Amino acid sequence: MNRKLWGMLACVCTLAMMAASVIPARAQDEVKEKPPMYSYVGFWNIPRAQWAEMEKNNAAEQKILDKALADGAIVAYGNDLNIVHTADGMTHDDWWSAMSMAAMLNVLDKFYKSGTPTSPVLASATKHTDGIFVSRHYNWRSGTYKGAYTRVGYYKLKTDAPEHAIETLSKTFIVPLLEKLLADGSIVEYEIDTEAVHTEGPGAFWIDVISPNAEGLDKLNAALLDRVKTNPLAGQAFDSMIDSSAHRDSLSTSTVTYK
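All the letters of the sequence shown, read from the start, carry residue numbers 43 to 301 under our numbering.
Be a bit skeptical, because a hint or two may be false.
[Stated by the list, open to error] In silico PhoX-like cross-links for lysine-lysine, where the CA-CA straight-line distance does not exceed 20 Å:
id : residue 1 : residue 2
1  : K74       : K261
2  : K198      : K188
3  : K98       : K155
4  : K261      : K76
5  : K109      : K98
6  : K155      : K105
7  : K188      : K301
8  : K222      : K261
9  : K271      : K105
10 : K301      : K109
11 : K261      : K188
12 : K222      : K98
13 : K109      : K152
14 : K222      : K169
15 : K152      : K105
16 : K109      : K155
17 : K76       : K271
18 : K98       : K152
19 : K105      : K222
[To be verified] Distance ranges between label pairs, derived from CB positions:
id : residue 1 : residue 2 : range
20 : K98       : E75       : 31 to 41 Å
21 : T236      : D130      : 29 to 39 Å
22 : G189      : D108      : 14 to 24 Å
Keep in mind that the hints were calculated from the coordinates and are not lab data.
Everything numeric in this text was worked out from a predicted model, so none of it was measured.
Glycine included, C-beta positions come from ideal geometry on N, C-alpha and C.
Generate coordinates for the entire structure from the input sequences, incorporating the hints supplied.
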């Protein structure tokens with residue numbers, strides 16, 4: 043999805059926030075926050091010559107993650123290969139999600155004790171960062187998906203945005219739209235993330251959508267365009283809430299498993 047389209051999404055989200063004050067309380071309550079889901083993500087910049095070794099490393103890590111999934115410690119895991127590269131960006135990431143911070147960190151501890159973080163391919167990384175995120179709006183279709191596509195939009199609220207802006211835009215626009223796409227199989231997972239451990243400035247959030255194939259991305263684009271057409275005033279509200287200069291996108295091929 044291009045930057046313009048995701049900019050439109052932010053426009054509509056902003057309009058939805060403005061309209062929320064006149065929506066009956068019962069209607070706004072149709073989408074509710076879920077228990078917090080915590081995700082650990084390790085980002086790596088791996089030299090291209092080592093990409094095959096990174097695949098082997100992912101396969102080795104799967105043993106620990108499969109056991110954690112079977113034991114109920116985590117609810118999902120996966121790995122991604124970035125396909126839209128930037129000069130200073132990361133090439134790979136691996137992640138898992140759990141329903142508590144403790145469960146998420148306990149899996150991380152197992153990796154440290156296994157010696158995986160010091161494997162030769164990870165030691166070859168030219169850059170590495172970690173992130174710990176929390177989501178209260180998410181859903182998925184159970185199963186393992188190989189060759190999927192993960193589309194992430196990074197957004198930042200303006201400093202004068204309403205206190206509950208992310209919650210409001212999630213309930214009034216983003217979640218209803220993505221639930222429809224999830225129901226028809228166009229996507230297999232979505233989540234709206236903020237940082238649980240802050241390394242970014244205030245107001246940052248991410249919209250993460252996973253499609254089982256490239257065709258699902260087209261359906262996502264079409265659904266967003268259709269929603270924008272039905273909200274002709276959306277563009278007028280954009281600058282009032284979202285800092286457009288901070289917006290960034292990423293697109294990866296992914297292997298993911300959801301319980």
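Outcome of the hint check:
The straight-line distance between the Cα atoms of K74 and K261 is roughly 25 Å, outside the 20 Å bound, and the hint therefore fails. Proximity of K198 to K188 is assessed by CA-CA distance (about 31 Å); at most 20 Å being required, the pair is judged violated. The hinted pair formed by K98 and K155 meets the criterion: a straight-line CA distance of about 19 Å does not exceed 20 Å. A C-alpha spacing of about 26 Å is found between K261 and K76, which places the hinted pair above 20 Å, so the restraint is violated.
For the given pair, K109 sits about 18 Å from K98 by alpha-carbon distance, which is consistent with the 20 Å threshold. A C-alpha spacing of about 14 Å is found between K155 and K105, which places the hinted pair at or below 20 Å, so the restraint holds. The suggested pairing of K188 with K301 holds, with an alpha-carbon distance near 15 Å, which does not exceed 20 Å. For the hint linking K222 to K261, the alpha-carbon distance of about 11 Å falls within 20 Å, and the restraint holds.
About 47 Å separates the Cα atoms of K271 and K105, which puts this hinted pair outside 20 Å; it is violated. Annotation: proposed proximity of K301 to K109 holds, straight-line Cα distance about 12 Å (limit 20 Å). Using a Cα cut-off of 20 Å, the hinted pair K261 and K188 holds, with the two alpha carbons roughly 19 Å apart. Between K222 and K98 the alpha-carbon distance is near 36 Å, which puts this suggested pair outside the 20 Å criterion.
As the CA atoms of K109 and K152 are separated by approximately 11 Å, the hinted pair is consistent with the 20 Å bound. With a CA separation close to 38 Å, the supplied pair K222 and K169 exceeds the 20 Å bound. With a C-alpha separation of about 11 Å, the suggested pairing of K152 with K105 holds against the 20 Å cut-off. Of the pairs offered as hints, the one joining K109 and K155 holds, with about 15 Å between alpha carbons and a cut-off of 20 Å not exceeded.
A C-alpha spacing of about 30 Å is found between K76 and K271, which places the hinted pair above 20 Å, so the restraint is violated. Our distance criterion of 20 Å between C-alpha atoms is met by K98 and K152, whose separation comes to about 18 Å. At most 20 Å may separate the alpha-carbon atoms for a hinted pair to count; K105 and K222 exceed this at roughly 34 Å. As the Cβ distance of K98 to E75 is approximately 39 Å, the hint placing it in 31 to 41 Å holds.
Range check, T236 to D130: about 24 Å between beta-carbon atoms, so the 29 to 39 Å window is missed. The hinted range of 14 to 24 Å is satisfied by G189 and D108, whose Cβ atoms lie roughly 19 Å apart.
The structure fails to meet hints 1, 2, 4, 9, 12, 14, 17, 19 and 21 from the earlier list, while all remaining hints are met.
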